[in-house]
Every structure is written in structure tokens, then in C-alpha cells.
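Novice: One line per chain: the protein sequences are L and R, in this order.
Going left to right, the first sequence walks through residues 1 to 290 as this note's numbering numbers them.
Going left to right, the second sequence walks through residues 1001 to 1309 as this note's numbering numbers them.
Be a bit skeptical, because a hint or two may be false.
As the list claims (entries may be wrong) - To be clear about the criterion: a stretch of chain L counts as covered by chain R if any three or more of its residues have a C-beta under 8 Å from a C-beta of chain R, and this derived list gives those stretches:
| hint | region |
| --- | --- |
| 1 | 99-105 |
| 2 | 112-120 |
| 3 | 264-278 |
As the list claims (entries may be wrong) - No farther apart than 20 Å at their CA atoms in a straight line, the calculated lysine to aspartate or glutamate pairs in the EDC-like style are these:
| hint | chain 1 | residue 1 | chain 2 | residue 2 |
| --- | --- | --- | --- | --- |
| 4 | R | Lys-1259 | R | Asp-1025 |
| 5 | L | Lys-88 | R | Asp-1179 |
| 6 | L | Lys-88 | R | Glu-1178 |
To be verified - A few chain L residues that face chain R, going by a derived Cβ cut-off under 7 Å, partial list only:
| hint | residue |
| --- | --- |
| 7 | Leu-34 |
| 8 | Phe-85 |
| 9 | Ile-95 |
Don't read these hints as lab results, they were simulated from the structure.
From a predicted model like this one, the values you see are computed outputs, not experimental measurements.
C-beta: ideal position from N, C-alpha, C; glycine also.
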Amino acid sequence: MILTQQLILGVLVGGLYGLAAAGLSLTFGVLRVLNVAHGELLMLGGYGTFWLFTLWQIDPFLSLFGVGPALFVLGLVLYWALFQFVVKAHEEVRIKNSLLIGFGLTLVFHTLAIRLWTADERAVTTAYAGAVIKIGAFAIPLVRLSSLVLAFAILTALHLFLTKARWGRAIRATAEDWEAAALMGIPVGRTYLLAFALGTALAGIAGGLVSVSYSISPSIGLEWTLKALIVVVLAGLGSLFGAFAGGILLGVAEATSAVFLGGAYREVVGLVLFLIILLVRPQGLFGGRG
Amino acid sequence: MKLLMGGILLAVAFAAFPLISQRGDLLNLGIQIFLAVALAQSWNLLGGYAGQITLGHAAFFGLGALVTRALWVNGVPLVLALVAGALVATVLGVLIGLPAFRLRGAYFAIGTLGLAEILRITVGNLMPEISTIPAAALASYNMLSRYYLTLGLALLCVTVVAALIHSRVGLGIQAVREDEAAAEASGVGAFRHKLLALALSTALVGLAGGAFAYYHVSYYPQHVFSPVWTFDAVLITFVGGVGTIHGPVLGALFYVILKEVLAVRLVELHLLIFGVLFILVVLFLPGGLVEAWSRARRLLVRNSRSRYY
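With the rest of the complex left out, here is chain R (with noise of 0.2 Å):
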């Protein structure tokens, strides 16, 4: 309940933040940490609550990018490109899952990261030139927009994912995650549930990589595959708090705002303590920065009850 109440108050603080400031960085900053939410929660409900570890999350990302932005930039209006870059994702995302999903271990992860590669490298081949927003989109480029959108982006993703997780299909999907062969026998299929995750993961995220091709001005077309979107969303859902709905928001905000800080003198700098961060977090504390907090809590209270009674 607690959590709600949280987590609606930061929703209105970041819709009405615009009112007290319009300045440019700030809104950039703002949609940075709206993407990376969508990025970690939608790697979080796969690889989080389904268990399906994948390191090709920018496949999907990346298809909802080329999708959106070919079609928007073509007049397509901006609510069916996205919509068409989700689908894309989606249906290549099922299409990889229908046979990876029937079996175990690692094949699904390495899979994906050999998709992404190859998405990356047939793009850069077909598409050398830059994407830029034509012109006359240009002049009209608003950012509160893209601000807005993003942050619809994120939220959709946050509910989406915690209204999943409490229905009845989330916790088949998460009964799969902790025992294929238990929820099996209690008549919880394991190769639907986890390919009703994936479905939904990869239609978010591509949704996502619709939003950064309509924010983003121009970018090689290569870019929105490369394994740096894989990276991104993986890190923030582990140091976060893997499998819960706040990590993966808790460690957008924690990621987005030291990679700023750490911008200004000390480039890349960010990536270098966010893996070992996350190492450390896979290793000893595997619910990450929610977990963290929920000790020290622990902690205290136990401290300040030894005094009182």
C-alpha cells in the first residue's frame, strides 16, 4: 500500500515537474530515466518474474525503433507506428521463443544475443546513412511531448507488469519461474506462461524503442540494436532489485542520475561501477537495491526497539 502511494506521488511529481521547470536538460534527463524505466521493467517481467534470462533485449528494442521511426517519419501517424513497432517486436519475439522456450538452460539467452547481432549487423549493412527527423518535423519538435510520452511509456510499463504479477496468469508465470516441473503438475502450463511473458516484455520494450525513435533527432540506425540497450536494462533491473516492481524504477532513478553526475568529468565511469555494482548484486545481495533498503530497515528498527523496550 505504502509502495502505491509512493509510486503514485512519483508519477505526479515527474507529470508535474514541467510546470515548475521547462528547461531542456532537465526534461532529457527526465525521459533518460523514463526509457530506462521501460527497458528494466519490461527485461524485469521476463527475466524477473518468468526467470528467462535474455541478453538480446536490444533485438526488440531495436525493431521497434526501425519500425516506428520508418513509419512515422512517412506520416504514419505516431500512435499506429508505435503501435506497429510493438507488434513487429512482438511477433518476432514468439517466433524466437516458440522453439527456444522448449528447452532449458542457456540457449535462450545466447539465442537472443545472436539475434541482436544479427539485427545490428544487417541494419548497419542495409542502412549506413544517419536518421534524422525530416525538416519540417523538425521545426516542430516539442519536447514536452516526447516528455509526456515517455512518462506515459514508463507508467504503462509499471502497471502493466504490477497488474500482471497479482492476476492469476502472473502467478502461473512466476510459479513457472520457481518450478517448471511443480506448476506443471498443478496444470500451470510452463511453455505458455513463459511465452505469454516474453510476448508482453518484447511488445513493451519495442514500444519503448518506438518513443526513443520519435525523441531521439538523429542516430545511426545500428545504434538502437546495439548491446548497449541490453546492458542498460539488465543493470538497472539487477542493482535495482530483480523480480520486484520498484527495483527496476528504483535503479532507472540511481543509474540515469549518477551516469550525469559522473558524466561531466569522468566519462564511462558510470558503466564501470554499475558492473561492478551488478556483479556484486548477482553474487551477495540478489534483490539488489530494494533488498538492501528493506535490511538496513530491519536493522534500525531492531536497533531502535533494543532501546525502547
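The following block holds chain L by itself, in its conformation from the complex (with noise of 0.2 Å):
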């Protein structure tokens, strides 16, 4: 009984955990950048969301469609100022160093944050906030419910995208061989300023439906980060629908693990599943490339 409305929490947060899984992942599988700030992005994009909604009571679900065009262009802004001079270097050195800048960002937007919002929890509580479905015995909060289905409705759109329109071919191509991409005509920077800003979109998005349906405060940056570097570890590069599926299973390991070991070690099961794959199985991060 627990259990299973456990589960039902545990697949609606999950398809967040897709959503923010996502937007790194695309960084990351194109640009080969490992942006460990994602999480503030996304806090970000939360913020955005609860300011329009205090401030002109612009209703969440609506605001998303300022928000994510916003964090596109801070995306746009961060990979003109910072990225792109990381991505001139080889591969090895570029991880390191948008490790480490990204580390740096974390740092930046978090005191920004503090400074300009307080440490306060926020949370966006429209008038439809309370309402669930009922099915039998089980409750399925709507707010939550409609996240989801936007985040697989956002994510399948990606997928379109990516799969026919000329600059999402762009993307693919240019994440599968950048030098192969280039020698066909595909303005490698371009597109790579493009994927990083539609992942700092995605992450703004999610930040979004994160202040909806639970709580944003400055410091959630490095959870949700850690949330989508799990996921991207479960479900490997490449595959927007992977990253769904495998933060959706992140979700539901997190709700089972939550029924039997209680709440206060929900984090650490995710983790240990984390380092677990790190260690065994590392090539769901890296796949074929050494």
C-alpha cells in the first residue's frame, strides 16, 4: 500500500530527474563538457519561475515558456564568456577544466543566490497546488502528474529536433566526430554554442517544475547536479528517452529505498548506486570513447 504510492511518487519525481539528466547529457555527449553547475542552472530557472509567479502571479506552468528561453540565453552568455575557450583544448583537458569551472560557477551562483533571494526554502504554491487524482486508494498529485507528462512532452519534441531538423543533425553529427563534422561543412562552434545552450534551457525548465512541485533554495545546486550525473551514469550518453527511463528508475530506487529505510537516506542510495556503477561499470558514462 505504502509501497506502492510510494512507487507513483517515485516515477513522478523521476521523469524531473529525466528532464535535468538531459540537459547535461547533451552537454556533455556533444561539447565533451562536463558542466557540474547544471544543478544551478537549474536553480536558477526555479527562481524564475517562483519570482513571476510572486511577483505577477504568472502561473508556473505558463512562466516556463519565459524561463526557458532566459536560461537559453545565459547558456548562450556562459558558453560565449567561459566555454569556449575550454572546448579548444583536447579532450582530456577539456573534462578538467569545465570540471573546473563549472566548480567555479557553482560557487558564483550560489553566494549570487544567497545574496539576492536569501537561504530561504521557496516553493511555488498556486491555487491548484493541492490537487490530486484519485484512483482507488492511491493519490496522484496533478501538479506533479503534469510536470511529468511536460517533461516527456519536452524531451520528445528535443527528440525531433535532434533527429530531423538540420541544426539538431548538426548536433548529432557533430557529437558523434567534431573534426568529421567540420570537414562536412558544420560550423562545429556554432553548434556546439547551440547544444550548450539548449542544455542550460532543459535544466532551466526543469528548475522550473522542481519550484512547482517541491522546494528550491540557493543551495539545492549540488543535489540536483549529483541527481543528474547519477542518471546520466544509469542510462549511459546519447539517448534522450534513456535518460527519461533512467531517471525515472532513480526515482523509483529512491521511493522503495524510502519505504524501507526511511526518508533521511534517500540521497545516499542514488549515490552508492553511483559509485557502485562508477567502479563496475564505467562505460555508461564514456561508452566506446577511452
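Put the two chains together into one complex; each comes in its own frame, and the hints tell you how they fit.
Specialist: Now the structure itself:
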């Protein structure tokens, strides 16, 4: 009984894990840049949604159409100011420097967020926040269900973009082999820029959804970065739906553990899983490339 | 040579300082600097000289602190408690390094980041109560002994790393950083050297954690595993000058003093400044303050030459 209810909640939160991971997976897969400030970008998206709702009563699901593009622009700026210098290096230095720069960014965003908005926890509470759909004895919170559906829809749209659109195909070609892509006349620099900004926008949208169903504070960044990393490790790179499935898997694993071990070890379970996979089956993260 | 003299002078000045003043706040500032030197120098050994970036330094700092505090508070002599703390940190470090170092790239960095968070959350769950030095020990609390212990620790870290990097093994460690394949081809075992750097680095930061546990009167056990310690180590090392001996020392002085100056009015602002500075250093000035200084000097020397010749 409790288990089933927990599993439902686990699936629902898992969709957001998947969305958060998809952005990280996109930037890492295409640029070979591991941005550990991904969770902080998500946090910024969350605050965007929160303030739009608090100041102007803009519906959080509607405000995603503002927050997504805003974070897209932030992604453009970050790439232009920082990451374009990182991608010039060869792969090993690239990963190392992107880790370090991401690390610096987490500090900057975290400190800025505390100064601007204090360390308080915030959440968007809409009029329909408490609504649930009852199925038998089980309750499905409407807001979380909408978030899951929306996350899936966004990933589907992105998938269509990557497979059908000209620029999307350029992104995939660049991810496969940037040198060959460059020889085929694909502007690799601009493709990187686009992929990075898309990844940032995904983080922002995920953050907006987090602020509706859960809560945000300046310090949630690391937690969400780790969630995204765990999912990427679970699911491997290269597939958005893989990330979505991995996210749901993580959500379910957390929910199950919460029932048996108590909520205090929720975070630990995913991390332990993460360490084990890293140590035993690291192909999940780096695929065929060594 | 000049550098060595400068280092000795600095060490003597710090050692003699309590003869001039024993103001608690100044001694505290000294302790902060020494701990920062130890944190950064131990990170520098692994991240700078061996080229293995870790984002989980806090895990080993925390373990050192946890073990040392538990033993020392329960009557084990301080030295033994410190050694035990360092040992536990080293063992865990090696256990993680054994599988992780067979692989390249980001594994080690994000793996240690995950490890630190696992420990932080678990310790927070198991030990939610604040840890305070027992009343008996508190009555005899002596700031000077903390000052000299942490000074000794900082000196130990600097000397160990300096001695190591000039030794055969140390050259091997740096060779592995530059090019693993080439090092292997010259008979330098990459895996062995990385593991040695990791063991030493975690031992030193474990000691630093132990010293913190001896120094700090009361803190939540969770706090010593906080990512803050990793941030401090990485920022100080890079802003000072990664892969140099004096870089982390300069960085620590700069960091702690800036923090102290800004803390009066603008809490946390030092983190913002250091975060930005750190990003700029990683991108545009990989040698940090040390490189900035030598560049500035070259510029001055060139100018004065052109004036006289």
C-alpha cells in the first residue's frame, strides 16, 4: 500500500530527474564538457518561475515559456564568455577544465542567489497545488503528474529536433565526430553554442517544474547536479529517452529505499548506486570512447 | 634558493609571532591560514602535481576529523588519534583510487564528489547532535598549542610535497601528469604513481581534518564533510598557483586574509570574488598568482633594462 503510493511518487519525481539529466547529457555528449554547475542553472530556473509567480502571478507552467528562453540566453552568454575557451583544448584537458569552471560557477551562482534571495526555501503554491487524482486508494498529485507529462513532451520535442531538423542533425553529427562534422561543412563552434544553450534551457525548465512540485533554495544545486550525474551514469549518453527512463529508475529506487530505510537515506541510495556503477561498469558514462 | 629562504623566513616569523602578541583573534587567524595551507597543499599534490582533479577532498578531511575527534575525546593521546585519522582517510582514498585510476577522465573527480556527499549525509543522519569538546578538556583549552600544531601541520605538508616532487618518485608523478603513455613507455608505472600521490594527499588532508577536530570547540559532525572544504582547497590552490610549492601558501594567505577583511561588512562576498578569480585563473592564467607575479617582474626588469642600456 505505502510502497505503491511511494512508487507512484517516485515515478513522478523521476521524470524531473530525467529532464535534468537530459540537459547534462546533451552538453556532455556533444561538447565533451562536464558542467557541474548544471544544478545551479536548474536552481536559477526555479527562482525565475518563483518570482514570476510571486510578483506578477504568472502561472508557473506558463512561465516556463519565459524561463526556458531566458536560460537559453544565459547558456549563450556562459558559452561565449567561458566554455568556448574550454572546447579548444583536447579531450582530457577539456573535461578537466570544464569540471573546474563548473565548480567555480556553482560557487558564484550559489553565493549570488543567497545574497539576492536569502537562503530561505521557497516553493510556488498555486491555487491548484493541492489537487489530486484519486485512483482507488492511491493519490496522484495533479501538479506532479503534469510536470511528468510536460517533461516527457519536452524531451520528445527535443528528440524530434535532434533527428529531423537541420541544426539538430548538425548537433548529432558533431557529437559523433566533430572533426568529420567540420569537414562536412558543419560550423562546429555554433553547433556547440546551440547545444550548450539548449542544455542550459533544459536545466532551467526542470528548475521551474521543481519549484512547482517541490521546493527550491540557493543550495539545491549540488543535489540536482548529482541527481543528473547519477542518471547519466545509469542511462549512458546519447539517448534522451534513455535519460528519461534512467530518471524514473532513480526515482523508483529512491522511493523504494525510503520505504525500507526511511527518508533520511533517500539521497544516499542513488549516490551509492552511482559509485558502484562508476567503479564496476563505467562504460555507462563514457561509452566506447576512452 | 630565494624561495627556500623566503619560506624559512615566513615559517620563523609565524613561529615567533606569539612572542609578540597572543591576542586570540590573531592566533585564530594564524590557525585558519595554516589549515588552509594544509588543505590546499594536500590537494595540490594530487590535483596539481599528479594531475588528478578531485572534487571530494572534503571526504578525507572529514574522515580525519571524525576519527581523530572520536578517539581524542575518549582519551586516546592526540598524536595517536591524529595518525589514526590520517590512516583511515588514506585507506578509503586508496580503496576508491584502486578502481577509479584504471580509468581516465572525470570518473575520479565526480566519484569522490559523490563519496563526500554520501559520507556527509550518512554522518549527519547517524550523529545529528553537535560535537563539543568535553568540559574537562575545555577548561584546559589552550590556543597556543593549537597554533603550533596547525603551524607544524602546514610546514609538514609543504615539506613533504616539496621533498617528494624533487625525488625520483615525484618526477615520476609529474611525468605521468604530462603524458601517461610516454611515462609508461619510459618505465614509469602510471597507476602506481597516481596511487602514491593519492595516498599521500589523503593522509595529509586527513591530518588536517584531525587538527581541525582538535582545534574547533564545537561543530556538527556533518560539517567536516561539507563541500566547503573542497571548495577552499581547490580555490586556494588555483588562485595561488597550481603545481607549485609556494602557490598554495600564497593562495592561503590571500584567501584567509581577504575573507577576514571582507567578513566584517560583507559576509560571503569573498566567495564571490574568489569564485570569479578562480574561473579567470583556470581560463587565462593557469599559473595563478605565482605566474602573475613572475610576469609582472619580467615586465619590470625589461623596462628597467631598456632604461639603462
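Novice: A separate judgement is required for each hint: does it hold in the structure or not?
Specialist: Consistency of the hints with the structure:
1. 99-105: holds (count 6)
2. 112-120: holds (count 3)
3. 264-278: Check passed, 9 qualifying residues.
4. R/Lys-1259 <-> R/Asp-1025: holds, 14 Å
5. L/Lys-88 <-> R/Asp-1179: With Cα atoms ~19 Å apart, L/Lys-88 and R/Asp-1179 stay inside 20 Å; holds.
6. L/Lys-88 <-> R/Glu-1178: Answer holds: L/Lys-88 to R/Glu-1178 is near 18 Å, not above 20 Å.
7. Leu-34: With a closest approach of 5 Å, the L/Leu-34 hint holds.
8. Phe-85: Because about 5 Å separates L/Phe-85 from the closest Cβ in chain R, which is inside the 7 Å limit, the hint holds.
9. Ile-95: holds, 5 Å
In this structure, none of the earlier numbered hints is contradicted; all agree with it.
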